[in-house]
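Input sequences plus hints: build the corresponding full structure.
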Amino acid sequence: MAEPALLDRRLVIVTGKGGTGKSTLSAALALASARLGKKTLVCEVVARERVSELFGRPPSGTQIRQLLPNLYSVHVRPREAMREYALMTLKYETLYKLAFENAAARYFLTAAPSLAEIVMLGKVWWHATYDMDRGRPRWDLVVLDAPATGHGLTFLSVPNVFLRLVREGPLARDMHGMQSLLADPQRCGVCIVTLPEEMPANEAIELDRSLRSGGFPAGPLFLNAYFASRFSPQEVAQVTTGGPALAASGEAADNHEARASLSAHYQGILGKEVPRKLVPVPFFFDRSFGMQSIEKVASAIEGAL
Amino acid sequence: MKRLAEVLRGRKVICCVGSGGVGKTTTAAALALQAAMDGKNALVLTIDPARRLANSLGLKELGNEETRIDPGLFAQAGLQPKGEMWAMMLDLKLTWDELVRRQARSPEQAERILQNGLYQTLSTAMAGSLEYMAMEKVYQVSTSGRFDVVVLDTPPTTNALDFLHAADRILDVLDNNAMRIVLGPMLKAGKFGFKLLAAPSGLVLRTLARFTGSDFLRDLAGFMVAFEGMFDGFKERAARVKDLLSSPQSAFVLVTGPNPLTIQETLFFHRALADDRIATAAVLVNRVQRDPRRHGGPDNVAALREALQLAQIKDGSGTPPLSERLCTTLIEQSTLADLDRREVERLSRTLAGVPLFTVPRLRKDVHDLAGLWQIDQHLSETGAD
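Quick note, the sequences are listed as chains U and D, same order.
Numbering (my numbering) for the first sequence: 1445 to 1749.
Numbering (my numbering) for the second sequence: 1139 to 1523.
No wet-lab data here; the hints were simulated from the structure.
Because the structure is a prediction, the values reported are computed rather than measured.
Mixed in with the good hints there might be a few duds.
Said to hold, decoys possible - Below, computed lysine to aspartate or glutamate pairings styled on EDC-like, alpha-carbon distance capped at 20 Å:
(1) 1502/D <-> 1698/U
(2) 1231/D <-> 1203/D
(3) 1502/D <-> 1642/U
(4) 1452/D <-> 1679/U
What the hints assert, rightly or not - These stretches of chain U come out as covered by chain D in the derived footprint (C-beta under 8 Å, 3 or more residues):
(5) 1462-1473
(6) 1611-1618
Glycine included, each C-beta is placed from N, C-alpha and C at the ideal position.
As structure tokens, this is what we get:
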């Protein structure tokens, strides 16, 4: 079966090195999906919420909030997710309190292999698969703004790691469910965001390998903050030596081409090393980065998805 | 107005702190280079350097080995250091193993722990583990007496500034009384030399076991038994590490970029340090866009067209015409410079009293000694008062 287009899947995961623009791309992907008329939920799992802020809205917190028509966001936090999950499985509030609201359980949350990640991923999984509204899925698409590379990979590998240590019980059963969603190219796609710089590019190459060897369905690689060349080398040479009146614009042109040549350099390397669709995302010179910037990013990537 | 080198003079440990992607590693290496140039034996302890930087410094991958940067490389870069520059890449697992071996009461105990199935997961996968081991390693090398100054490139922490608390948190996990009580019957079985076969008993334990299965609890009990009696040693050592880092011998340098989100995180780090009564020694803003308008000259299409004409450069070639492309580019880069300036000013206002240094965005990635030295040149310009 041919793989469906990225936004036609159930769960799109966005990961990459810290500071590459994961939240921006998550927001832009969600906006692109919402524009297609799909009811879309963005889940953020890192400590500080960003997506709602990008749309100029107050933080959503752990309650789902609407940002735009068809576009919703939620901040998934371990403690609340744990509680919801435990309650779902345990049914009785008292039993939950007894087992989880004590010092031992606090310990347990930290020590059990990535229990916090498990319950957070579990909640995202639930929204993508079991969250129903009048007999049909509540969400057409769930976008997960995942943690940065190292943590992101740990985060997505959590079901697998957990299943190695824990082989029985309701958690193990749910882990199988998560694992099968995360490995299914019909329902899930994992995107990488990177920058035209050495460290982010190298990390993207390694992340791509780990993700593919982990069996995660490959979504596009977004090369963010991309500068397209605008001047020929001859023009730069002429202007930079064109005298004091052209010093400012000469320096600007030279800087631009320096960044454009880095962009082209890493585009070449990534294109060769990473077997994914490579989508350059232009750098936008916005005085304040907000809704309009997200709209521009969404428009820039829409055609390539 | 002081140079950064003066601000950091006499410190034995320098921790570069900041969010991911701001150039901490490069900064840490540049600071170590500066110290070596000034006649110190300087070690940079890094977590995950860019491959080209590591290669160009002749650093081996991982292994916790101190590597002296080849004096030949300095000569190639036209530098004559009065001291020595060393570098080391932190190996998380190896550092844990070393610590366990050092603190164990017997080699047998150490082996039992190292062989435990959960040890690896717990030691390397627990949040804060990398921070804890980075601190541990800094303590080890800086008390070894082999270096005048150790510069630490801290792990890219996203959540909070965990360096000073990572050890407490992890030791609390490993030696948790509440968990001991819950696991009680299983622990006893272990102590008397039975295989850990006791089934989870008690309501709490049985409920937890429903989630995780009893195998995991059994492994956990085994792990706790193996660690028995070692915690005091661990805690005492962690306390000494903390003392060193909060003493005047250590300096924390905040590294940031001009991006508003990064600046927000930097201010957060600053407050977290202040909460621990640690003063930020300096803040360093990397990759600040220089303003092309400082050269003056025309900044609109008509005037640029004229200037091109005067310089006898053809405007018509290419679409849109050169003058228009120049004008767009000039406006874009001026916008960036304005944004960066605004952020740096905001940072400097908020951190009044903390020396602030800026490094302009360089035309190329820094990946060798010459590039690091270029950064040092910018840092030796005077910063804020």
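Against the structure, the hints:
1. 1502/D <-> 1698/U: Status holds; Cα separation ~12 Å.
2. 1231/D <-> 1203/D: Cα-Cα ~14 Å, so holds.
3. 1502/D <-> 1642/U: 10 Å, holds
4. 1452/D <-> 1679/U: 9 Å, holds
5. 1462-1473: holds (count 3)
6. 1611-1618: holds (count 6)
Against the hints set out earlier in the document, no violation occurs for any number.
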